[in-house]
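Counting from 14, one number per residue, gives the positions in the first sequence under this note's numbering.
Hints in this document: simulated from the structure, not taken from any laboratory.
Every value quoted in this text rests on a predicted model; they were computed, and no experiment measured them.
Be aware that one or more of the hints could be misleading.
Okay, derived cross-link-like pairs now, BS3-like style, lysine-lysine, Cα gap no bigger than 30 Å in a straight line [said to hold, decoys possible]: (1) Lys453 x Lys414; (2) Lys492 x Lys371; (3) Lys389 x Lys340.
Ranges between beta-carbon positions, derived for each pair [stated by the list, open to error]: (4) Trp245 x Glu74: 42 to 48 Å; (5) Lys262 x Gln428: 55 to 61 Å; (6) Gln20 x Arg147: 18 to 24 Å.
Virtual Cβ for every residue (Gly too), placed ideally from N, Cα, C.
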Amino acid sequence: MTADDRQVVRTRYAPSPTGPQHIGGIRSALFGWLFARRHGGQFILRIEDTDQKRFVPGSVEMIQDAFDWLGMDIDEGPEQGGPFGPYIQSQRLELYQTWAHWLVEQGRAYKCFATAEELAQMRAAGQGYDRRYRDLDPADVKRLEAAGKDYVIRFKMPLQGKTSGQDMIRGEVTFDNEQLQDAVLLKSDGFPTYHLAHIVDDHHMEISHITRAVEWLPSFPLHLKIWEALGWRKPQFAHLPVLLNPNGKGKLSKRKGRFAAADGASVPVLVHEFIGAGYLPAAVLNFLTNIGWNFGEEREVFSMSEASARFDLRDVNPANSAYPIAKLDWLNSQYIQSADVDFLASSLKPALQGAGYKVDEARLRRVAPILQVRLKTLNDVIAMAGFFFEDWDCFQPPAAKILFQKKMDDRGTKQVLEAAIPIIEGLADFSHESQYAAFKQLAKEIGFKNGQVFGTLRAAVTGQRVSPPTFETMEILGKAESIRRIKLARDALA
RNA sequence: GGCCCCUUCGUCUAGCGGCCUAGGAUGCCACCCUUUCAAGGUGGAGACACGGGUUCGAGUCCCGUAGGGGCUACCA
């Protein structure tokens, strides 16, 4: 047993509060969360608000709401607290300052007095910061400080040699130290940069595995050197692949509609957009887990508890992937199909209400079962079954062109509708089975095909050409309402 | 430009040297079922980027090329 095996697994998601929660961040968080759950460890939420300019009020709530909706439980964080708090970096400033200055004292970092203008010049000249303050005479440092000059603290990156580290997903990665810059650790406003802050926190919060997106891979050697300079035991690292736009070009954009999917439609990327589009949290989680990781057994549909029982960061595919959003519709329909009726009904309710329908819950529970195999998203209930919730005053008689079935005209249609009324009235048993038998008989008698008769009734009663099965629909609508609608349709004909 | 990472059907993936005439899923097409739409069933088209090695044997290992992605801030 190695030391690592004994360690408690603690992973974290450390977003910047810059707005609504993006699905890419959730995907990264999800892998860390799954890994923690797999090992019975903890998953921590830490807010990295060290850039005051980018802070967007309300972000922390939006992030927490996203996790709540998805059912990804957080063990420690701003809302839930924990033994290593506070979990918001702006409340831990002193800690970072202490360690930044400690590094200066150790000779591993230095104060840099370069002004914005100087920096701009260096950038214009080609390469980045030229380390002009790295070996400044201590007396000069003192003089500049006494003169009240602003400074940042920069890390002294080794000037030559190589740095390599182990990435759980892709193995060893090696970098030339010459390529790295003397990164800023502490900004002139006293706030730390990500480079310093995350290391100080991950150490103090006893994070065992750092899971973060691949864009951090280039600064991996910098971080490794900082960990070493601080003399702390390093955690393990996993640089996760990222989501690319559906066409495979570029990182998945921050905002909906910024790029076109193959069919020109925009796709959901913000968590609240998934909610608004009518997706189930379990389906979204399942969808995300299938990208870059595979459940095995050639199984695509599984719960998070099943996934976490076998999840391993080492099995994550290192390649970035195009956002396979089309699969979410399929997955969502799978979840809807296998959903418990009460759960489905209560999930459907907000969609209906959002569209302005008054929802009769008892009726919704009866409608839900016949909708299950027909919905891709919760919102589809509006187009498919909104007519169930239009009451006596609202239901509009369908136009003739909707009523007319193949090879049927005004007369035939009217004939079917007229005949239907006494049939329905005479049915002692109004189940869909007996309706089916009765109308099949009618079709035979008047010489129309089943589809023509059934279709006419469907259109009359639902006002739609596409709907749930006609007789099950009428069964739920009830005799009186069915007849009323059929009469409305009949009267709408010339 | 420099550095780093990545590369299996359109897309998401399985494959960790022989089990691969490359499997699953989605999407697409066809047929069956069928009162519409779905669902379901059956079948079909569809991939190891390219070039060199290593090896008895390579989708699997190595190198190069090409392509893609990322980083290159007092942003994360």
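Going down the list of hints, with the structure as the test:
no.	hint	in the structure
1	Lys453 x Lys414	holds (23 Å)
2	Lys492 x Lys371	holds (21 Å)
3	Lys389 x Lys340	holds (11 Å)
4	Trp245 x Glu74: 42 to 48 Å	violated (33 Å)
5	Lys262 x Gln428: 55 to 61 Å	holds (58 Å)
6	Gln20 x Arg147: 18 to 24 Å	violated (36 Å)
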